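*Asks:* Protein sequence lines, in the order shown, are assigned to chains A and B.
FYI, our numbering numbers position 38 of the first sequence as 30, with every residue one higher than the one before it.
So our numbering is basically just the index in the second sequence, starting at one, shifted up by 73.
Treat the hints as calculated values from the structure; they're not laboratory data.
Please note that the accuracy of each hint is not assured.
As the list claims (entries may be wrong) - Computed list of lysine-lysine pairs in PhoX-like fashion (alpha-carbon distance at most 20 Å, straight line):
no. : chain 1 : residue 1 : chain 2 : residue 2
1   : B       : Lys176    : B       : Lys186
2   : B       : Lys186    : A       : Lys269
3   : A       : Lys65     : B       : Lys186
4   : B       : Lys338    : A       : Lys163
A quick note: this is a predicted structure, and the numbers were derived from the prediction, not measured.
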Amino acid sequence: MRNLTIRTLVTVAAVATVCAGVALAQTQLDLVVVSWGGAYTASQQKAYHDPYMAANPGIKIINDDSSAEAVAKIRAMNEAGKVTWPLVDVVAADAISLCDEGLVEPVDHDAILAAAPDGTPASEDFGEMIVSECFIPQIVYSTTFGYRTDLVKVPPKTIKDVFDLRKIPGKRALEKRPIGNLEWALIADGVDPDTVYDVLETEAGVKRAFAKLDTIKDQVVWWTQGAQTPQLLADGEVVMGSTYNGRLFSLIEEKKQPVAMMWDWQMYDLDGWVIPKGGPHRKEVLKYLRFATDTQRLADQAKYISYGPARASSAPFVGKHADLGIEMAPHMPTAPANATNTFLFNYEWWADHRDELNEKFNAWLAR
Amino acid sequence: MATSGTTSTAQTLTTADGTPLKVSLSRAERRNRIRALLLVAPLFLFIIVFFLVPIGDMLFRSVENRVVGEVLHRTVPLLAMWDEANGELPSEDVFRALVEDFKQGREDRTIGKVGRRMNYEKSGMTSLFRSTARKARRIEQGPFKEALIKINKKWGDIKTWQLLKRESSALTLSYYLASVDMRFDDNGKVVRQPDDEQIYIKLFIRTLNLSALITVLCLALGYPISYLLATLPARTSNLLMILVLLPFWTSLLVRTTAWIALLQKEGVINDFLVALRLIGDENRLAMIHNATGTVVAMTHILLPFMVLPLYSVMKNIPESHVRAARSLGATPFTAFMRVYLPNTVPGIGAGAILVFIIAIGYYITPALVGGVSGTLIGNLIAYHMSTSLNWGLAAALGSVLLALVLALYLLYDKVVGIDNMKMG
């Protein structure tokens, strides 16, 4: 009898241990979040992931820095019939093309996202940032110019100065793609910014844009990675160059380089989340998304990187940089002083003309 | 043959257990063959799965075009019967089928794929398909022709329909045409791309030229190094060997970035030349973000692929050969040209082929240091793989590149002979 009791006890204990182990394994869930890596992922880690994991001990968020090749990978996963990514951070243009191909889920923004503190529904709070039914906006960033204050005699003030070699001689860095550059070329050539795409639609308009780019072609260093322009500026290889405003912020404020911003006709772009079709852990993803895109969280991210929150209601909550202690609001691309002249890509137009203009751009480069 | 014939007539040779020798021998041989097959089976499978299947997939993708026929499955069969030559729009039936296909395509979220596919052929198709799909669900009844043309007048343009018909077959040549700067015009005739869109042939030629130049430079630099390695005493040569291999083991990105620091305008080499007053501060040399950058960085990166095969060949050339030639009265130059150099040809061939084939498909280094004039075809293939998502064109470009490499390989076989190559 006594023997039996001990054996029972041992059995119970063993079973309980196993059960506890299983239960522990079940509650600990790894949620992979795909993003851009570097300073950007770090800002998401501090603003979204850390507080979320603190509030939900069962979830462990794992960063995957694959956003640069996300579109191709999501398509490949979809073709292979095994989508392993639950949530991916992409730029708006990629979200649109993924949505077009049915590779990411359309979402009802008001149903899955939190309303603003004053009760404004999410779709109104994000407003026109929702450029696709599959896209959950996160930040507004801009591609704009930085210049070496010590290497230019007169600081560039307008986009015309970028194309003016007599006023500001020296090399400039531009992104190796037609998007953005053609618009800038036309604006610098005197085209009314509102009619840029009408002009580009015509053969003569494209010629005009390339002709304007021709005037500086031999003085351009073309970049493909966001980190290149800051490096080129720091090395003095170029006197000015376009890149993402957050990179320039870190170059100027964190690395203390003699560089200043030129915001004229900065190109706004959006970055946000998409949910791949057929991805795992849907329930947990939606719960995380609701948290990570609320008004406070978006404002928090601006403490770590100078990108503007996509919600209108977040703006008043943008505070100081977490380490540098400087006020972040004036460094946002959306700050009134920086946003006198801004340009928002026409995504629809580019979806139509990207293939053709890329060929023309590459052919023009090779000439 | 003769012996086996005579013995079989007399009496059959048997082994100890009585089975005929012939049977027993072939049995043993079969066992050996199976054992040999089993030994190579993993490698064989590996080659099939990771080499032949992907290449087959690439070749297939470069002509594959099922998406249009699958999504527009009602329209395409009807369109096949439409006679485009008479210059009239398709019949009402075709328009009705298209509206049905649009409704289903929007529901299944597949219509965008067709739009993107058609956009490769003609700008504006993405939005035509997207906006039509959005509005077509409100079309309840005919006439469908008027309704579609009202949504977008492009549906009233016969060229849209000709394009749709041409690109609705399950296989297409469009990607291959695009990869050699050609295309179908509105009438379906093959024409050259307009001047301002021609790019790929130029890049293929540039890739071949630069790869050849890099190979020659690798040979010129690698030959003396290999000779030194092969002839010095083991102790010194081992140390030198480490110097050759050390960069080989260093990350590609680190080596490329190091060249940026060396070659750029404000870089080490320019600073040095300016300090020596060899060049003025105003005319620093442009050695990077152009073809020079690509050639310098890639020559450095690919040098070990030339040195290693050369070294292993030179190591096995007896020193006595050259000595014998010299003692028979040859000048050092003649001894080298007539005796040493011919002996190293297998190594030169192996190294040159390795370097050339690796160079021809390179894209990371050219992307970082190549600027505009140093961009290679690999960069555009990578671009179409990961950015434009035009995988068909990427596959076609890759296939053309593969064909080029094979052609050059065969040419090499004809001229030098592939058996005459020694990898190590």
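*Asks:* Is the hinted pair Lys186/B and Lys269/A satisfied, with a Cα-Cα distance of at most 20 Å?
*Replies:* holds, 15 Å
*Asks:* Below or equal to 20 Å on CA atoms is what counts here, so check Lys176/B against Lys186/B.
*Replies:* holds, 14 Å
*Asks:* Starting from Lys338/B, check that the Cα of Lys163/A is at most 20 Å away, please.
*Replies:* Roughly 10 Å between the alpha carbons, so the hint for Lys338/B and Lys163/A holds.
*Asks:* For Lys65/A and Lys186/B, compute the direct alpha-carbon distance and say whether it is at most 20 Å.
*Replies:* This hinted pair holds, its Cα atoms lying about 16 Å apart.
Hint compliance for this structure: no hint is broken.
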